[in-house]
Amino acid sequence: MAQATGQLTAPAEAHGHKSELIAFVVMVAVLAILPAFVYPPFLMKALCFALFACAFNLLIGYVGLLSFGHALYFGWASYFAAHLAKVGKISIPYWAGSWQWLTITNSPMVPELAIFLAVMGAAVLGFVAGSIAIRRQGIYFAMITLALAQMMYFFAVQAPFTGGEDGIQPVPRGYLFGLFNLANERVMYVFVMVMFLLGFLLIYRVIHSPFGEVLKAIRENEQRAISLGYKTDKYKLVAFTLSAAIAGLAGAIKPFVVQNASLTDVHWSMSGEVVLMTLLGGLGTIFGPVIGAFTIIAMQNYLASFGQWVTIIQGGIFVACVLLFRRGIVGEIANLLRIRL
Amino acid sequence: MSDKYVLETENLTKEFAGFVAVSDVNLKVERGTIHALIGPNGAGKTTCFNLLTKFLTPTRGTIKYKGQDITQLRPADIARLGVVRSFQISAVFPHLTVLENVRIALQRKRGGSFDFWRPASVLNVYNDRARSLINDVGLSAFENTTAVELPYGRKRALEIATTLALDPEMLLLDEPTAGMGHEDVDRIAALIKRVAANRTVLMVEHNLSVVSNLSNKITVLTRGRVLTEGDYKTVSENPQVREAYMGTGHA
Ligand SMILES: Nc1ncnc2c1ncn2[C@@H]1O[C@H](COP(=O)(O)OP(=O)(O)OP(=O)(O)O)[C@@H](O)[C@H]1O
Ligand SMILES: [Mg+2]
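Protein chains in written order, with our numbering: chain A, 1366 to 1706; chain B, 569 to 819.
Chain A extracted, bound-state conformation (with noise of 0.2 Å):
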């Protein structure tokens, strides 16, 4: 019995590496190819959510916080590259016997410096929300989360350099570095893929670095890893920032993939349709949350024509893979093969 044990599992570990390594560089290969074949504005897009659905797991998969508001990070980060990348004015106010501008910049950014600011920026709103919801548990951390997207969704509504109900647009793609002409669609293409992957390859990193071995260990028993000495809020606050900011890049990305930023972005309906693509690709797995937005975009797009049917299909979908498939597309494959993905 014991030694039947200590069989069964050990193939499945010794092979966990090897399997996502496989499936990574199928995933590579697939990407570079399919734009012969599919519309590449459609996969840019695709691959924004990728990644957003990606950060969001990284939280509710590996952390096990269900974060309720993650459109916070994406479209805010969203609306300040778009705004830097077109307008680039900074203002702060100060006092001098009443409220002053000051104002930093005034000219519009190279795409990279936006993006990078506009990261920055959602890692200090993760930050910000965090210290506020982490001490909370369960539900009433979803509901916090919940709670500040919606009210910055209000704030993002009033404020005048969001452009309320047109949004931001149009929004120049502009020169990558000087360089890279990114009005060319295959030149962005490339960059949106590389953006993806790097910030694939940084959770997987953080997945599988000591952080993340404490990470899932409050996953597994929260109560356990404070015995042992761990402060779980220290590290939650560290993991939620991350989140944010690779939603945030995520966010970055997408205006100038569709050359707008909008109030759909941080909108709550954006927040439930991340846990849907995790959901049903796979919560926990590295690849499911990609798949699941893969499968989400799609149907919006090819189902289209349904007009509101489609939001309805999608419900339906969200209740058979929680019926039917609890561990999502990817994790039923693994679970199936006993390998890691």
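Check before you lean on any hint, since a few could be wrong.
What the hints assert, rightly or not - Partner residues are not named here, just some residues of chain A that face chain B (Cβ under 10 Å, in silico):
(1) Thr1470
(2) Pro1575
(3) Val1579
(4) Ala1582
It is worth saying that the hints were derived from the structure and are not from the lab.
Computed from a prediction, not measured in an experiment: that's the story for all the values here.
Heads up, the beta-carbon is just placed ideally off N, CA and C, and yes, glycines get one too.
Since the structure of chain A is already known, use the hints to place chain B with the ligands on it.
Then chain B with the ligands, alone, in the frame of chain A:
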């Protein structure tokens, strides 16, 4: 004074919405001993442990560890001082392997583990130590088994290995042998005796033969109060203790 006693409580009290689960407990645990905390179900033993490790906040009273007042500290801080507990309901990390479970505790030696940019393979330096701890609790054959697949008794053994991995000065064990078969009980009892050589152990235990074999001192708790204290002989001959146990159906 504080040299002789590692852990001291004064009037430790916990009330749950009017119900007093722990009432004016003055516990003194002597350095280098195995101290048993016994009593019928619902006596408040686990609540006591939760108070001592600050998983619950006392309603009243103070806790001192090595002379230092630790009543206001947070649970993780108490663990860092060297007071590490196990849980009554086995507390493992279910979907991590046995090796990973123990390594999480060993990893504490690095201080904070916020380095998310390093590969987890830097933790491999702890593998040898982890294996030797796993061997100590008889789990060598299960090194790569996920904890959730282990039978209950072996989960308890894993929990003890994880606790010992921190090399704590003081161990609080909540029913370490509960749910184990005979063979495992003996193994774990021997292990506790061995690791207690240079540590202090406070342990809740229902298995009276384990208690009599291991403990230097016994405190009997009933309805949140200390009924009596002493060595096994004194305590077992106390008619009140017999009554308290008979009353709730224990042998
Ligand atoms: N969080 C809580 N809220 C309310 N009552 C509680 C709580 N925790 C424990 N109690 C009550 O306090 C009393 C003491 O419980 P405790 O778990 O400390 O007993 P115990 O001595 O460990 O018993 P056992 O031998 O069954 O483990 C019980 O009556 C229990 O119902
Ligand atoms: Mg108990």
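Hint check:
no., hint, result
1, Thr1470, "30 Å, violated"
2, Pro1575, "4 Å, holds"
3, Val1579, "5 Å, holds"
4, Ala1582, "5 Å, holds"
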